[in-house]
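Enquirer: What follows is the residue order along each chain.
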Amino acid sequence: MVRMRSLLAVVMLAGIYSLISAGLFLIMDAVDVAFTEAAVGAGLSTVLLLGTLALTGCRQVQRQHSPMLPLAVVSITGVVLIWGTQDMPHFGDPQAPVHHHVAPRYIEAAPKEVGVPNIVTAVLASYRGFDTLGETAVVFTAGVGVLALLGIRRRRRAGEHKERQQ
Amino acid sequence: MALLVYYNYYVVFFLMMAGFYMVIARGNLIKKIVGLNIFQNSVFLLYISMGKVSGGTAPILLAEGGHYSNPLPHVLILTAIVVGIATTALGLALVVRIKEAYGSVEEDEIYAQDKDA
Chain A
357 MVRMRSLLAV
367 VMLAGIYSLI
377 SAGLFLIMDA
387 VDVAFTEAAV
397 GAGLSTVLLL
407 GTLALTGCRQ
417 VQRQHSPMLP
427 LAVVSITGVV
437 LIWGTQDMPH
447 FGDPQAPVHH
457 HVAPRYIEAA
467 PKEVGVPNIV
477 TAVLASYRGF
487 DTLGETAVVF
497 TAGVGVLALL
507 GIRRRRRAGE
517 HKERQQ
Chain B
2 MALLVYYNYY
12 VVFFLMMAGF
22 YMVIARGNLI
32 KKIVGLNIFQ
42 NSVFLLYISM
52 GKVSGGTAPI
62 LLAEGGHYSN
72 PLPHVLILTA
82 IVVGIATTAL
92 GLALVVRIKE
102 AYGSVEEDEI
112 YAQDKDA
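Going line by line, the protein sequences match chains A and B.
Under my numbering, the letters of the first sequence match residues 357 to 522, in that order.
Under my numbering, the letters of the second sequence match residues 2 to 118, in that order.
No lab work stands behind these hints: they were computed from the structure.
Hints are not guaranteed to be accurate.
[What the hints assert, rightly or not] Here are the computed distance ranges between Cβ atoms for each label pair:
| no. | chain 1 | residue 1 | chain 2 | residue 2 | range |
| --- | --- | --- | --- | --- | --- |
| 1 | B | Gly66 | A | Leu427 | 47 to 53 angstroms |
| 2 | B | Tyr8 | A | Leu375 | 19 to 25 angstroms |
| 3 | B | Glu107 | A | Ala428 | 21 to 27 angstroms |
| 4 | A | Lys468 | B | Tyr11 | 37 to 43 angstroms |
| 5 | B | Ile99 | A | Phe391 | 29 to 35 angstroms |
[Stated by the list, open to error] Calculated from the model, a selection of chain B residues having no Cβ within reach of chain A, i.e. all distances over 10 angstroms:
| no. | residue |
| --- | --- |
| 6 | Glu65 |
| 7 | Gln114 |
| 8 | Asp115 |
| 9 | Lys116 |
For every residue, glycine included, the Cβ atom is placed at its ideal position computed from N, Cα and C.
With the hints as constraints, model all of the structure from the sequences given.
Expert: Dropping the structure here:
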């Protein structure tokens with residue numbers, strides 16, 4: 357995907373990647389995340405990218421940059437990250453610290469306090485309801501931003517077009 | 002064997018670095034945004050893989066009880082996916098705008114035009 361020149365192929369591969377990662381989320385017990393990823397990541401984001409390609413053209417120009425510097429930066433960062441895993445809990449380890457702080461409390465109390473069998477939904481909509489409200493505000497702001505960037509300009513241009521015709 | 006217990010991190014870091022490379026080494030703005038999406042997705046995978054408990058099930062209560070995977074990373078990532086699509090949409094809107102202002106989505110052509118101006 358990194359080396360590909362056709363942007364259409366890049367977008368399609370990104371969609372496939374997203375769908376595969378949704379499958380991985382499913383395997384790792386995150387069913388809610390999996391279907392959000394499949395709908396939003398693989399569906400909506402592919403549609404948005406395709407829309408952008410329709411407006412900007414889908415060929416990438418060949419460039420003669422040396423890939424050495426970015427490769428070096430990426431390799432060093434990767435090595436540092438791998439070095440950082442030395443102290444991490446093992447994959448799937450039930451004794452990992454992350455499973456012993458507040459998580460058991462939610463799993464025990466959520467059905468009694470909220471009454472929804474799906475704990476993810478209970479936490480998202482009830483315990484962290486304000487956070488979800490903030491998330492909606494972020495999405496709203498982004499929508500307003502996109503409209504401000506694309507919508508108003510179109511209308512103005514249509515207005516100019518009309519003036520010219522007159 | 003000692004290294005295999007960390008393999009989820011290695012997968013995540015490989016994807017993360019692939020996305021990072023795409024962002025810094027490619028001049029095409031759309032490709033940069035796809036790279037950013039890959040990076041973002043790898044962070045989601047990192048969180049979800051840390052929430053996984055061996056032998057656990059999805060955190061939806063069963064009548065007979067049982068082990069559940071940690072639901073808190075799932076909640077965080079659910080929010081992050083939605084916010085991620087919002088930022089992607091905004092970034093793509095900027096790309097469309099840049100294309101109309103400069104007639105190009107290649108970083109160095111835009112830079113050259115800015116230099117001439």
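Enquirer: Look at each hint and say if it fits the structure.
Expert: Status of each hint after checking the structure:
A hinted range of 47 to 53 angstroms holds for the C-beta pair glycine 66(B) and leucine 427(A), which are about 51 angstroms apart. Between tyrosine 8(B) and leucine 375(A) the beta carbon distance is about 22 angstroms. The supplied range of 19 to 25 angstroms therefore holds. Between glutamate 107(B) and alanine 428(A) the beta carbons are some 23 angstroms apart, a value that agrees with the proposed interval 21 to 27 angstroms. About 40 angstroms separates the C-beta atoms of lysine 468(A) and tyrosine 11(B), a value consistent with the hinted range of 37 to 43 angstroms.
Taken as a hint, the range 29 to 35 angstroms holds for the pair isoleucine 99(B) and phenylalanine 391(A), whose Cβ atoms sit roughly 34 angstroms apart. At the 10 angstroms boundary, the C-beta of glutamate 65(B) stays outside the reach of chain A, the nearest C-beta of that chain being 13 angstroms off. Non-interface status of glutamine 114(B) relative to chain A is upheld: no Cβ of that chain comes within 10 angstroms, the nearest being about 14 angstroms off. At roughly 17 angstroms, the least C-beta separation between aspartate 115(B) and chain A is larger than 10 angstroms, which holds for a residue marked as non-interface.
Once the 10 angstroms rule is applied to beta carbons, lysine 116(B) is consistent with being away from chain A; the minimum gap is 17 angstroms.
Of the numbered hints listed earlier, not one is contradicted by the structure.
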